[in-house]
Amino acid sequence: MNASVSSSVTPIGAAVRRKEDHRFITGKGRYTDDMDRPGQAYAYFVRSPYAHARIRHIDATAAKAMPGVVDVLTGADLATDGLGDLICGWMIHSKDGSPMKMGSHPALAKEKVRYVGDHVAVVIAETLNQAKDAALAVEVEYELLPAVADLATATDGEQIHECAPRNTAFEWELGDKAATEAAFARAAKVTSIDIVNNRLAPNAIEPRAAIGEYDSGDEAFTLWTTSQNPHVARLVLSAFVGIAPENKLRVIAPDVGGGFGSKIFIYAEETVCTWAAKKVGRPVKWTGDRSEAFLSDAHGRDHITHAELAMDEAGHIIGFRVHTRANMGAYLSTFASSIPTYLYATLLSGQYAIPAIYCEVDAVYTTTAPVDAYRGAGRPEATFLLERIVEKAARERGEDPAEFRRRNFIKSFPHQTPVIMCYDAGDYVASLDKALEVADYKGFPARRAESERNGKLRGIGLSAYIEACGIAPSAAVGSLGAGVGLWESAEVRVNPTGNVEVLTGSHSHGQGHETTFAQLVSARLGIPIDQVSVVHGDTDKVQFGMGTYGSRSGAVGMSAIVKALDKVEAKAKKIAAHMLEASEGDIEFKDGRFTVAGTDRSLAFAEVALNAYVAHKFPTSEIEPGLKEGAFYDPTNFTFPAGCHICELEVDPETGVVEIKSFVAIDDFGEIINPMIVEGQVHGGIGQGIGQALMEGVTYDEDGQLVTGSYMDYTMPRAGDLPSFTVGMTQTRCPSNPLGIKGCGEAGAIGAPPAVINALTNALGTEDVPMPATPSRVWAIAQARASRLAAE
Amino acid sequence: MSEATTIVRVPVRLTVNGKSVSAEIDPRTLLVQFLRETLDLTGTHVGCDTSQCGACVVHLDGVAVKSCTTLAVQADGASVTTIEGLATGGKLHPMQEAFRENHGLQCGFCTPGMIMSAVDLVARFGPNLDEATIRENLDGNICRCTGYHNIVKSVAAGAAAMGSAEAPRAAE
Chain A
18 MNASVSSSVT
28 PIGAAVRRKE
38 DHRFITGKGR
48 YTDDMDRPGQ
58 AYAYFVRSPY
68 AHARIRHIDA
78 TAAKAMPGVV
88 DVLTGADLAT
98 DGLGDLICGW
108 MIHSKDGSPM
118 KMGSHPALAK
128 EKVRYVGDHV
138 AVVIAETLNQ
148 AKDAALAVEV
158 EYELLPAVAD
168 LATATDGEQI
178 HECAPRNTAF
188 EWELGDKAAT
198 EAAFARAAKV
208 TSIDIVNNRL
218 APNAIEPRAA
228 IGEYDSGDEA
238 FTLWTTSQNP
248 HVARLVLSAF
258 VGIAPENKLR
268 VIAPDVGGGF
278 GSKIFIYAEE
288 TVCTWAAKKV
298 GRPVKWTGDR
308 SEAFLSDAHG
318 RDHITHAELA
328 MDEAGHIIGF
338 RVHTRANMGA
348 YLSTFASSIP
358 TYLYATLLSG
368 QYAIPAIYCE
378 VDAVYTTTAP
388 VDAYRGAGRP
398 EATFLLERIV
408 EKAARERGED
418 PAEFRRRNFI
428 KSFPHQTPVI
438 MCYDAGDYVA
448 SLDKALEVAD
458 YKGFPARRAE
468 SERNGKLRGI
478 GLSAYIEACG
488 IAPSAAVGSL
498 GAGVGLWESA
508 EVRVNPTGNV
518 EVLTGSHSHG
528 QGHETTFAQL
538 VSARLGIPID
548 QVSVVHGDTD
558 KVQFGMGTYG
568 SRSGAVGMSA
578 IVKALDKVEA
588 KAKKIAAHML
598 EASEGDIEFK
608 DGRFTVAGTD
618 RSLAFAEVAL
628 NAYVAHKFPT
638 SEIEPGLKEG
648 AFYDPTNFTF
658 PAGCHICELE
668 VDPETGVVEI
678 KSFVAIDDFG
688 EIINPMIVEG
698 QVHGGIGQGI
708 GQALMEGVTY
718 DEDGQLVTGS
728 YMDYTMPRAG
738 DLPSFTVGMT
748 QTRCPSNPLG
758 IKGCGEAGAI
768 GAPPAVINAL
778 TNALGTEDVP
788 MPATPSRVWA
798 IAQARASRLA
808 AE
Chain B
10 MSEATTIVRV
20 PVRLTVNGKS
30 VSAEIDPRTL
40 LVQFLRETLD
50 LTGTHVGCDT
60 SQCGACVVHL
70 DGVAVKSCTT
80 LAVQADGASV
90 TTIEGLATGG
100 KLHPMQEAFR
110 ENHGLQCGFC
120 TPGMIMSAVD
130 LVARFGPNLD
140 EATIRENLDG
150 NICRCTGYHN
160 IVKSVAAGAA
170 AMGSAEAPRA
180 AE
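Heads up: the sequence lines are chains A and B, in that order.
The numbering used here puts the first residue of the first sequence at 18, with every later residue one more than the last.
The numbering used here puts the first residue of the second sequence at 10, with every later residue one more than the last.
Just so you know, the hints here were simulated from the structure itself, not pulled from any lab data.
Please note that the accuracy of each hint is not assured.
What the hints assert, rightly or not - Stretches of chain B that chain A covers, calculated by requiring three or more beta carbons in the stretch to come under 8 Å of a beta carbon on chain A:
1. 22-30
2. 67-81
3. 84-97
4. 116-122
5. 148-157
For glycine and all other residues, C-beta sits at the position ideal for the given N, C-alpha and C.
Sequences and hints are given; from them, build the entire structure.
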């Protein structure tokens, strides 16, 4: 499992070192901001300093006269050119059947601005410094309107969009209300909880960037951008914004420095850079700085929820009732409406056999940055809610939370939940048992006693999560409102000399596709991995693809590659049969050789590849020359990774500082191609999950000003804040795709927050511990606990 | 603010990755801008605007600095090493090799700064680094992908490799 090789055939399951690393560790990565185009000008955006205001007047006269300024463009120019709004691509219907209220979202604001950082104008100049200087000279006259910054009271605030009374985008429901009410009516015990799921800034370390270019000869645009899904960006910019037809717009997403969801969406900046390139007749480059990222990258989470769990006398969960208010921010971002609905409420059954579930979600506008998918996207919110209330219910019953979970686990598959999902495979008892063993759950009381002797409060907390990944069957998501199908495409090009290019519609921005996908092809074709190149992120090279998010590239993207490989092998066998003068049915392909069964007559893969192109030895009337096959793969179901995470921590009641003593993650991701990369994904997810639990939180003040607008104010986890993690696996094969893969990208971010908070509530002896549980908050709770104990 | 109609230019002369370079620059040019835009050394990255993330770390006269908060004119006369200059004679630096071997990177964006800081860490604390020392002293570098788990492993392994690479040389 320690194969450091790149020049040999790489089996599935080997920890192959990454092919892409050489360029990254030598400074040769090619990120969008590393590129320059001849004659390029620089864009800088004039942004709203107010959360909510009417734009009375914009005067760019002085700015246009400043040194180096090429042009200043506003929403009026966009309108003159007839450009369409940015859109949300997932239709949600309210309980009353009405469609969601999607407020107008022009790339440059027209009548109103709706959050601090909203785009008002763009200054294009010879240098970035000149653009920044001139941006200060753009005079914007605002008529201030009341900010609507507080989610809890937003429905009573000033109306943000004309189409959305009470600032409500939709009021949605899922599940069987009557059955759930009936379950509560006969419950022996009900546990209730109020949860705030804190708002997060995704914080890919590479800020977003874009270069738009227009070729007046071909009347065609090129956009280099930091995207997780360049084809989707092209589709939206063509079909909805109307910048250019798809065949006249090339979108390139080169090396992308992390995404975590935030680079799925189609933003104002890349829209404007593309459009402006034609307008000013020069390439236009914009690179966001971190302050702009905090202001205008889509944020994640931000829910307020009240929930109740009904149990029978024996401690079986019989009903779950949830009411969530979800913050959408100022506009509905690209996939925003799907996050607190079909990616959230559909996971509320968790790992448990719950016969009745009913969930209501009110999606509410506020004058804050748009909220959309961030690592996990809906599933962390569902898991945090469920795993907190399950923990609380067990404690209220005076029962070991592990045993309460075990009793309620789903134990046979397939399992149809009351909230759409049909789980296909899993073994939740196995991951729980392994996690309890690895974490030495039994030894916890002794460790707690030892901590107490040292004046520390020790806690342990579990989280048994499930997620739906690999999104997803196109017809299924279509029936739920998705504007797109969620299949994936692949093309396998075998070159005459026998090496291979794999073109994929997935996009790698840290996931290591160049290695994992090549590893798959190497194993299948029996050729060395360095003879396989993975091509992605360019709409001119790759057939249409849906991109990378929702842990879908393994389960869906690689399945498409498998389908294409099946076709390559089938055709190569036909050619080999002619070359070996044998019948096609007698040809076997193994370890890179085509062999006539039962003989020693065989050909290497490269020999057949060459002959496919030379085309001398087979009738081209029957078999076309060449060896290149494409495939589109549409999954038959979501995949259902699941696992059990256990956090053990220690609180210093004198300082409120929390030290994580151990973090154990036991995950079931189905089959694994490269365990090194999978473990890396888990580590990163846990880091973000602990960040949410203990450190991170986007804060706006009552005027809608962003308080946490830099790394001086928004607490990012650093190396010293996190422990090393203990990661292990259990395995049930996913039955719905050819590789048996479930997906691993989001598990850590989903499983970690409830494990941490369950440990912290265990340590502090109260259920009321908000995220992020910062030292000051923990200190206050610990002091209150001490006073309470002293009074007793 | 910038009423300036004429752009003032100042000369700088420094050594970057062993090569002597000189240019006339806008005095407000940051060292990272000079490296990326003037010299096209785009391996040094910018991930924030408050000197926190460390994606821009380079060595200035052998000491790690954040090139986003260093003016290029401050490097006048100095010697700068960037990630592009770390490998010598076509051979990766042990710290680069350790990051690859231990999967210490994912998206690769923080990686150049992380590696430059790690090399500096070995210069300050020697090759035998324990986990606590590594974690505490990587405080100025933010990674969003790895949860630092494999970065810490990489730095420890790279430091040890630097130690054993130096030992025979010292004995020579």
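inquiry  = If you count the residues of the stretch 148-157 of chain B with a beta-carbon closer than 8 Å to a beta-carbon of chain A, do you get 3 or more?
reply    = Since 9 is at least three, the answer is holds.
query = Under a C-beta cut-off of less than 8 Å, do 3 or more residues of the stretch 116-122 of chain B approach chain A closely enough to confirm the stated coverage?
reply = Our answer is that it holds, as 6 residues pass the Cβ test (under 8 Å) against chain A, meeting three.
task = Examine the stretch 67-81 of chain B: at least three residues should have C-beta closer than 8 Å to a C-beta of chain A.
result = violated (count 0)
key: Verdict on chain A covering the stretch 84-97 of chain B, where coverage means 3 or more residues with a C-beta closer than 8 Å   = Three-residue rule met by the stretch 84-97 of chain B, so holds; n is 5.
ask   = How does the coverage statement for the stretch 22-30 of chain B fare against chain A, requiring three or more residues with Cβ below 8 Å from a Cβ of that chain?
value = Coverage by chain A is violated here, the residue count being 0 at a Cβ distance below 8 Å.
The structure does not agree with the numbered hints 1, 2 stated previously, though it agrees with the rest.
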